[in-house]
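A.B. asks: If you read the sequences in order, they're chains A, B, C and D.
Number 312 in this note's numbering belongs to position 312 of the first sequence; there are no gaps in the numbering.
Add 490 to the 1-based position in the second sequence for this note's numbering, that's all there is to it.
Add 977 to the 1-based position in the third sequence for this note's numbering, that's all there is to it.
Add 1101 to the 1-based position in the fourth sequence for this note's numbering, that's all there is to it.
Everything labelled a hint here was simulated from the structure, so no lab data went into it.
No experiment lies behind these values; they were computed from the predicted model shown.
Treat the hints with care, as some may be off.
[Unchecked claim] Result set (DSBU-like, lysine-lysine): computed pairs, CA atoms no more than 30 angstroms apart in a straight line:
| id | chain 1 | residue 1 | chain 2 | residue 2 |
| --- | --- | --- | --- | --- |
| 1 | A | Lys103 | B | Lys855 |
| 2 | D | Lys1201 | C | Lys1097 |
| 3 | C | Lys1097 | D | Lys1166 |
| 4 | B | Lys646 | A | Lys356 |
| 5 | B | Lys587 | A | Lys105 |
| 6 | D | Lys1201 | B | Lys589 |
| 7 | A | Lys159 | B | Lys927 |
| 8 | B | Lys589 | D | Lys1166 |
| 9 | A | Lys103 | B | Lys927 |
| 10 | B | Lys513 | D | Lys1481 |
| 11 | B | Lys927 | A | Lys22 |
| 12 | A | Lys301 | A | Lys103 |
| 13 | D | Lys1481 | B | Lys587 |
| 14 | A | Lys22 | B | Lys855 |
| 15 | B | Lys587 | A | Lys28 |
| 16 | C | Lys1029 | D | Lys1166 |
| 17 | D | Lys1540 | B | Lys587 |
| 18 | A | Lys159 | B | Lys943 |
| 19 | D | Lys1469 | C | Lys1097 |
| 20 | B | Lys646 | A | Lys301 |
| 21 | A | Lys25 | B | Lys855 |
| 22 | A | Lys105 | B | Lys782 |
| 23 | B | Lys589 | D | Lys1200 |
| 24 | A | Lys353 | B | Lys927 |
| 25 | D | Lys1481 | B | Lys646 |
| 26 | C | Lys1097 | D | Lys1540 |
| 27 | D | Lys1166 | D | Lys1560 |
| 28 | B | Lys587 | A | Lys159 |
| 29 | A | Lys488 | A | Lys353 |
| 30 | B | Lys855 | A | Lys28 |
| 31 | A | Lys22 | B | Lys587 |
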Amino acid sequence: MYYIALSVLFPILTGVYLLVRKEIKNRKSLLIQTGIFLVITTVLGVLALCLSGGGILTPFNLTDRLPILFKVDEISILFAVMTMVIFLCAGFFSFIYMEHEEKEKRYYGFYLIVFGILLALCFAGNLITFYLFFELLTLSSMPLVLHTGSREAIMAGLKYLFYSLSGAYMALFGVYFIERYGNTLTFSTGGVISSQAAADNTGILLWIAFLMLIGFGVKAGMFPMHAWLPAAHPVAPAPASAVLSAVIVKAGVLGMVRAVYYIFGVSFLRGTWVQTAWMVLTLITVFMGSMLAYREPVLKKRLAYSTVSQVSYILFGFSVMDAGSVTGGLLHVLCHGAIKAGLFLCAGALIYKTGKTRVEEFRGAGKEMPVLMWCYTILSLGLIGIPPTGGFISKWYLAEGALSSGLSGFSWIGPTVLLVSALLTAGYLLPLAINGFLPGADYDYGSLKKKEPPLLMVIPILVLTLLSVVMGLFPEPLIHYLSLIVEKIL
Amino acid sequence: MILLVIFIPIIAGMLVSLIPFQKRSHMEIFLESAVVLNSFLVGYLLLHRPDHIITLANFTGNLSIGFKVDGMSIVFAGLISVLWPFATLYAFEYMTKEKHERIFFTFYTMTYGVTLGISLAANLLTMYFFYELLTLVTVPLVMHTLTREAILASRKYLYYSLGGAAFAFIGLIFIIIYGSTTDFVLGGVLDLERIGERTNVLLLIYVIAFMGFGVKAAVCPFNSWLPDAGVAPTPVTALLHAVAVVKSGAFAIIRLTYYSFGTEFLRGTWAQTVVMLVTMFTIVYGCSRAVKETHLKRRLAYSTISNLSYVLFGVTIMTPLGMVGALTHLTFHAVMKISSFFCAGAIMHQTDRHYVHELDGMGYKMPCVFGVFTVSALALMGVPGLAGFVSKWNLAAAAVESGSRIAYGGIGCLLISALLTAIYMLSIVVRAFFPGKDFNMAALEGINDPDWKMLIPLFVFTILILVMGLYSAPAVKFFNDVAAGIY
Amino acid sequence: MGANLFANYGEAVAMILFGIGFGNLLLQSNLIKKIIGLNIMDTAIYLFLAEKGYISGRVAPIIVDGVQSMEAYINPIPSGLVLTGIVVSVSVSALMLSITVRLYRRYQTLDLDEISTRLKREGL
Amino acid sequence: MDFVQNFPAVSILLCLFGGIISSGLRGKTARYVNRGLLLVVTFLSLCTLCYTLESGEAFVYVMGKFPAPWGNEIRAGMLEAFMAFFFCIIMLLSLEGGKKKLVEEVEEEKVFLYYVLIDLLLASLLALVYTNDLFTAYVFVEINTIAACGLIMIRQNGRTIEAAARYMIMSLLGSGLLLLGICMLYDLTGHLLMSNIKDQAAMLYASGQYRIPLLVTIALMSVGLAIKSALFPFHAWLPDAYGYSTVSSAAILSSLVSKGYIFLLIKIIYRVIGFEVFYDSRIIDVLFAFGLMGMIFGSVSAIRENDVRRMIAFSSVAQIGYIYMGIGMGTQAGMAASVFHILSHAATKSLLFIAAIGLTDVSGGSRKFIDLTGGAYRNKWAGVAFTVGSLSMVGVPLFSGFISKLLFAQAAVQNGTKMLPALIVLGISTVLNAIYFMKTVIRIYTPVEDSAYESVTFKNMKLYGLTLICFIVLNVFLGVSSQPIVDLIERGLTVFS
């Protein structure tokens, strides 16, 4: 089970190595190195997942009461798998994409570090470990955001940094209290709050819970602390933004899941004002996100906004705390991961090829690069939630869970909001596809020429598209697995 | 033995100005050896502690100048004696650019002895005595450059400190009158029969005395001397205004609170509320000023202000845990802040750049310095695995454990200030490493890392930060013992 | 009270005189007038002493025809005090006068305030 | 009766005769006479001190053949003896320190007058300290005033004469009030000897008759002496008198003359009125209040001052405020603190004056701060001495000022109502002291590149340097081993009443 440690340390160390070593002359060797590192990391990760069944690894103690410990449970597996897949795809994609950017070495270095830290987050076995890597994640992913080094990028990077840190500190505030009122900091299904403390200081604990939700919510781009996301994601290089909005925001989700289901415990929170507030916030975010996305002309920004709203779908699912909805939430974690990563890569490819950024400029793109556009279309359909894609299944579960949850009001408000925002999603994703394929009569077909992006770019996108479709076509095993998890944690 | 430890540096300092050294290197060797020797003596002393009080002189009646080594002394004296040799080494390199360094080193070394005097003092009077002395010895260091602003700054420093001492003095008097003794006894020496009806007066006096000592610890209304004192050469700013002097203030307040007035008497009174609120305010105030400040050293000075109030916040919790938190932060912050200050000093020494906006892209030219700076910045923010996290954790744990709502608010302040810390420290780091694409490196030609005399201290402190962050358990255990009065 | 005041009018007068003298010494700006005030003040005190010292119907403590009972004489000490006082005050006034003379020689004026303003101008 | 008991009377008479003799001598010889006198008197009072210390109580020496209640008496307790001893030392040092200046500032043919005045001053001081008879006290107060006035105007310039005139006027007002008070007391009690008056006064107080006259008397005497010792509202004459007279005069005036009056006041409180009686009259609160005000305003005007000697003079106003605050606390401890402060202030203030003159000399004789810059490098000893004096004034441990501050504060804490105001003002005034003294110290230690002024070394000012060293030693002695002195003061005060 030392594979855990390996899978965490290896990418971090290699990343550091890339950072500190001096410039590599020919680009190819750098790429090869990076590729090897990525693959090895993934292998290690998989090994960790398979071989260390529930074992606990404690490298050392921060203080006598604060052990750093890793362990692998279902949630970790779920998130880890997603992370690895997306990192591989985005990684290979960037081999082409990053050609024209400067300081590639730095980019790959931090890319690897972030990879390692994300794995660590998935494997984190107690709150303090989680917090540690949560903060490190912020610090190490910031360079990806401000990689291009334009003034706008740097500002966005700082914004990202300070938002996430403030979130992290809110979470830390909670950690302090849990360390006092909880039996332990180790994640354990059903919560760790000692019933005694829970009875005595319910009020303060609820506030703590709320704070932690907001805190982790920052990373997940939940209203009211979402403002950094639309600023930060678009300025990053496309593969980076793919990783950011597909995986890194999920770190926030993971944090909330851990806090709610493994620290406070559903029984403690269900029916309290915290749950209500949480649901309200998520719904607001869902709607607002899609609304803003709908009015956003720049493609990547639009996708970023859509991330805001989609992630809150997931959060809504968790906030309902009903078997169905939670299943939906978990499922949507995967789907949205795959889809959004795919979409960003598509956007990246489009920009790489055409150099344009605004949605209406891509007229006829479908004629020029059909494969890419088809992928885009399918992925969009998935995000909207149209069968036979994964998005449909997950949203179905979400809505159904909300309806069956028996929460007065939300049981129907929730689904409606989801539906509306689904329509909006259609509204902001499809136009590009439509323009792409049906540029309209006045479009001069003479000028267009086939310019599919190189394979190394297309394959990752294809993989992700495939994944999203597969999840839609054969969901049963997945659903089954998820329902097992849900039974455990509820 | 104790007297020896205190007087060696003082005498050595005087000798520096008296002996006519042929070469500068001779003086360096002489000083460094004296300081190191003294540090070793201190180490020996702390390990083999004399358990009785050594009395030097008798003032009126029951007042005497006496020394004793107890837990607090071990913590503070140990800290000082570890930091000083490195700081001196650093100073040698730094002072090459300054004038009449003889005088500088004279007082610089004397300060060592005086600070040790504070830490080893056995009773309030002795501490007060060395406290005053500290002020007087350090003034020449502040006005060293003799520019107009330096002189103004030193005056301000002098007025503030002496004034503060004057009010602390009142507290001293009350301890003399109402205490069974002036010696430091964990849990306080107040004798409750004598107080009788006048509890509130005593509380008022406690607040006054707290503020009085607080002047040196730069508590909010009285903090403006610290940034101004930054005009002093960086070794001074780093060692004295980040550690020795200001920490003496904090140390004095710990003595006052835990060893003279006693927490039993103070806990839960309005006095506690007042001082706690003051510290909380200072925490936030210092950070926000630091964010606004563009002069590098002043920014660090403001951050010192807020961090000192972390310590004081721990003190005002007035539980053993609170004291543990205070001690932890007292020690750990010393290391973090001194290393960041030394970085600032190295930058100024190498490039004569004083403002934050001049630091673009320097990270590539001075990788070591800025690497160290980054580490200290992260540590100050409280990233887990580095020193800052542990101390903040202890503080917060104490606050939670105390269970008072104000203390909870205090945790909030800690975190807010942590965020602000991130803002003002990391913005520097980001500037240094990510200057932006349209920045031409040519502007930074000829800038490079300083030589070993400066780098050694930097690396040592960085390692210390890491070690404290990862293996803090023994230290914290020791602090626990101190707070429990085992030593 | 009024009757009381009238009964020992001597003391009352002495007090009034003392007040006058004191006021002059304090408030007058002319040095000579100050000195006069001083003398009035002192004299007032001597009057007071003498008034206290004399008991009507008794004689000075000088034995002319055999010692009589103690009630016949007054206490000689007050008179002695008066004499001493007079000596002192004479010397003091002499000193004051000499100072006055010096100042006048220097500044051709007796007004103390003017002198000090001049001094300010001299910046001495 | 032991032989020693003659010493006080003898020393007074010696001084008087010395004065008379010196008036016929030339300056130099007059100086020798004076020094000789001082040494002898010092020795005599030392003997008296030892005698009283071992006998443990005061002795009364009848002047002439008349016993109490008619005759004139001298009463010497340990406190009196100690005061006399101390005053002599301070005077000796101040004279030595100021000798050089004296030669410069006073015409050759006037020097002997100076020493005549000094002798008379010493005589009157001793008399004030020793006498047991109120009226004698009055007479010597006047002599004291005259001598002091002479000391001020011995240096001939407009300022000094004007200052002398003002000083005369104020102190005449004071002594007028004092005299009136004495007279009234006399016909309230029918006595002039302190001890007898005290019994009578106690009886009157017990019987409750003549309340108002008694009160008025107390008021008159206190105010009179307060004026003479320049308590806050009556200090207008002080800065000029101290600021412009020749330095040893300034030192002696500030550290001895005013202190003599204060000591007389304390004597009156203890030995004439009786402590309880005085305490019950509200006068004491008035003194307290004025003392506090003096502490603040004196320092404030000192801060505003731009002339170093005037600054020191103003600081004396503040210090006298301290003393009256101590008296005003109306406790044994407060009184002891005041007496100790009389000593420490005497030592410190004369030190400051002497040091200041050293500094101004190496700054082209100018007393403006701007010219003093770097003075401490030109005249090292003066610089050190000035620093010591300042630190002592600010109340840094190791120096006498700290101890008196300590005693004051302790006394204040024991007093219920007056505690907080006293402590707060104590704190504030410390800050103010720090401001103006430290400002000066920093100033004199700020080096100037090309100084126009020559610098002096220890060689060509041996005597001066020695004086300074003696002063410093005295200061540190008072600061470090103050315990015996404080005990002595307390014993003396108990013997008083």
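A.B. asks: Hint by hint, which ones does this structure get wrong, listed from lowest number up?
C.D. replies: 3, 4, 5, 6, 8, 15, 18, 20, 22, 23, 27, 28, 29, 31
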